[in-house]
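> Each chain, letter by letter, is given below.
There are 2 protein chains.
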Amino acid sequence: MANPTAAMLVIGDEILSGRTRDANMHFLAGELTKHGIDLIEVRIVRDHAPAIETAVRALSETHDHVFTSGGIGPTHDDITADCIARAFGAHIDVRDDARALLEAHYDKSGQELNAARLRMARIPDGAALIDNPVSTAPGFTIGNVHVMAGVPLVFQAMVASVLPALTGGRPLLSQTLRLNRGEGDIAATLSELAAEFDDLTIGCYPFQTNGVFGANVVVRGTEGARIDAAITRLAKEFEI
Amino acid sequence: MANPTAAMLVIGDEILSGRTRDANMHFLAGELTKHGIDLIEVRIVRDHAPAIETAVRALSETHDHVFTSGGIGPTHDDITADCIARAFGAHIDVRDDARALLEAHYDKSGQELNAARLRMARIPDGAALIDNPVSTAPGFTIGNVHVMAGVPLVFQAMVASVLPALTGGRPLLSQTLRLNRGEGDIAATLSELAAEFDDLTIGCYPFQTNGVFGANVVVRGTEGARIDAAITRLAKEFEI
Numbered sequence: 020m021a022n023p024t025a026a027m028l029v030i031g032d033e034i035l036s037g038r039t040r041d042a043n044m045h046f047l048a049g050e051l052t053k054h055g056i057d058l059i060e061v062r063i064v065r066d067h068a069p070a071i072e073t074a075v076r077a078l079s080e081t082h083d084h085v086f087t088s089g090g091i092g093p094t095h096d097d098i099t100a101d102c103i104a105r106a107f108g109a110h111i112d113v114r115d116d117a118r119a120l121l122e123a124h125y126d127k128s129g130q131e132l133n134a135a136r137l138r139m140a141r142i143p144d145g146a147a148l149i150d151n152p153v154s155t156a157p158g159f160t161i162g163n164v165h166v167m168a169g170v171p172l173v174f175q176a177m178v179a180s181v182l183p184a185l186t187g188g189r190p191l192l193s194q195t196l197r198l199n200r201g202e203g204d205i206a207a208t209l210s211e212l213a214a215e216f217d218d219l220t221i222g223c224y225p226f227q228t229n230g231v232f233g234a235n236v237v238v239r240g241t242e243g244a245r246i247d248a249a250i251t252r253l254a255k256e257f258e259i
Numbered sequence: 020m021a022n023p024t025a026a027m028l029v030i031g032d033e034i035l036s037g038r039t040r041d042a043n044m045h046f047l048a049g050e051l052t053k054h055g056i057d058l059i060e061v062r063i064v065r066d067h068a069p070a071i072e073t074a075v076r077a078l079s080e081t082h083d084h085v086f087t088s089g090g091i092g093p094t095h096d097d098i099t100a101d102c103i104a105r106a107f108g109a110h111i112d113v114r115d116d117a118r119a120l121l122e123a124h125y126d127k128s129g130q131e132l133n134a135a136r137l138r139m140a141r142i143p144d145g146a147a148l149i150d151n152p153v154s155t156a157p158g159f160t161i162g163n164v165h166v167m168a169g170v171p172l173v174f175q176a177m178v179a180s181v182l183p184a185l186t187g188g189r190p191l192l193s194q195t196l197r198l199n200r201g202e203g204d205i206a207a208t209l210s211e212l213a214a215e216f217d218d219l220t221i222g223c224y225p226f227q228t229n230g231v232f233g234a235n236v237v238v239r240g241t242e243g244a245r246i247d248a249a250i251t252r253l254a255k256e257f258e259i
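Protein chains in written order, with my numbering: chain E, 20 to 259; chain C, 20 to 259.
Keep in mind the hints are simulated off the structure, nothing from the lab.
Some hints here could point you the wrong way.
Every beta carbon over 10 Å from chain C, so not counted as near; a handful from chain E, in silico [what the hints assert, rightly or not]: (1) 39; (2) 113; (3) 127; (4) 148; (5) 163; (6) 202; (7) 245; (8) 248; (9) 256.
Where chain C lies over chain E, by a calculated footprint (3+ residues, C-beta under 8 Å) [said to hold, decoys possible]: (10) 62-68; (11) 99-109; (12) 132-138; (13) 179-185.
Cβ atoms here follow ideal geometry from the backbone N, Cα and C, with glycine treated the same way.
Required output: the full structure, derived from the provided sequences and hints.
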């Protein structure tokens, strides 16, 4: 049986302007791979309501899961929760369960739960809260969309809250063979190998270190024995 | 007049599996911002022909420029050039001008221009070559799509070859004000400021350093004087 599929939607002007380098995509990709969920596509869009809604709808229809990152804080440019609600045709307002979490948190820290912070309790009807052990303000899951914060520490904690409850498939395994040859010298052999081991994916990533050309060949699949067989064959072909 | 818009398409299983952390998106974002071209959307897709073709068509129709990264090397998983040709309905084969570049390069380095390497001379009819001063194998521009390599050094060199010829708009300028206050304490003021300065975008990026909560407020726009005015107002509001 094929693994479940996933897409990610990263929301934020600061990524697209080059001010901030996104770290969440790379983290999520690694976690999903370990969990046996195949990340198929990533989109990065601005803090712009039509762009967010269009992307969420498109990705939600074509993948088993969608993970979003960014735009759920207390400021005016945090519009993700309302956009997701609209994409699902769900009513959204400050919800009592989320408000109770924030009240307890700000009571303890002696800060005011003002109108801006209360926006972080806006949760669509029917959504399940995602636990945020770092800074309390929750994410949420509605339909097949998991809505999470952009701050990497919080995003990572939310992924840890969400992933164990999702049915994974077979983890994607991989092995890497480093060859000190130009990519063009090994391409024909790789092509034959890829045709024979068509249940695996075989990638080739060239590098250049101190003027020496080489390539890392990465063999991926869900069956360890098959990966072993492909790597063994490859090593033999190149007399390693 | 509004700035030209751009989208980026990153192609590669290795990014989506979490093996490799993409570096090209962040680089391109910064370069486009300096050049006055607005990066509106990024998509990352697998080495999978239908995914590449669908994304290229969609992005090419909705943006002034599309920049792609990855999948133009000599191995079997390098399918980008053929996919782009199909997306444009263009014929593709080894082209004499690209072949001549590769012949000269491999003659000089004493390596064989074998069938695999010759694949890097597959260029669609009507495309203009993009210079690659790092490793010779060219990228190309067809229609409004600029097809470039995934290896960061090569990608960066190709961007430097392409960008000067593109008409830019007004560079996006920005100033950052660091406030040692929780995001929730400044959100209301930022919201008023954003409404008043509606020609600027005002972003708020929270941080936590040694237990102190703070936020960087980033004001972006094309008119330096307006950004100055917004930052001055903000500093006054918070008595900095």
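> Against each hint, give a clear statement of whether it holds in the structure.
Taking the hints in turn, this is what the structure says about them:
1. At roughly 7 Å from the closest C-beta of chain C, the C-beta of residue 39 of chain E falls inside 10 Å, breaking its exclusion from the interface.
2. Here residue 113 of chain E stays apart from chain C, with its beta-carbon at least about 14 Å from theirs, past the 10 Å limit.
3. The Cβ of residue 127 of chain E sits about 14 Å from the closest Cβ of chain C, beyond the 10 Å cut-off, so the non-interface label holds.
4. At roughly 19 Å from the closest C-beta of chain C, the C-beta of residue 148 of chain E stays outside 10 Å, upholding its exclusion from the interface.
5. Once the 10 Å rule is applied to beta carbons, residue 163 of chain E is consistent with being away from chain C; the minimum gap is 18 Å.
6. The Cβ of residue 202 of chain E sits about 6 Å from the closest Cβ of chain C, inside the 10 Å cut-off, so the non-interface label is violated.
7. Non-interface call for residue 245 of chain E relative to chain C: holds, since the shortest CB-CB distance, roughly 17 Å, exceeds 10 Å.
8. Under the 10 Å C-beta cut-off, the non-interface status given to residue 248 of chain E relative to chain C holds; the minimum distance is some 18 Å.
9. Every Cβ of chain C is farther than 10 Å from the Cβ of residue 256 of chain E; the closest lies at roughly 14 Å, confirming the non-interface assignment.
10. With 5 residues having a beta carbon nearer than 8 Å to a beta carbon of chain C, the segment 62-68 of chain E meets the requirement of three or more and the stated coverage holds.
11. Here the segment 99-109 of chain E counts 0 residues with a CB under 8 Å from a CB of chain C, which misses the bar of 3, and the coverage is violated.
12. Closer than 8 Å: that is the beta-carbon criterion, and the segment 132-138 of chain E has 5 residues meeting it against chain C, so the requirement of 3 holds.
13. Given a C-beta distance limit of less than 8 Å, the hint that chain C covers the segment 179-185 of chain E is violated, as 0 residues qualify and 3 are needed.
Of the numbered hints given earlier, the model fails hints 1, 6, 11 and 13; all others are met.
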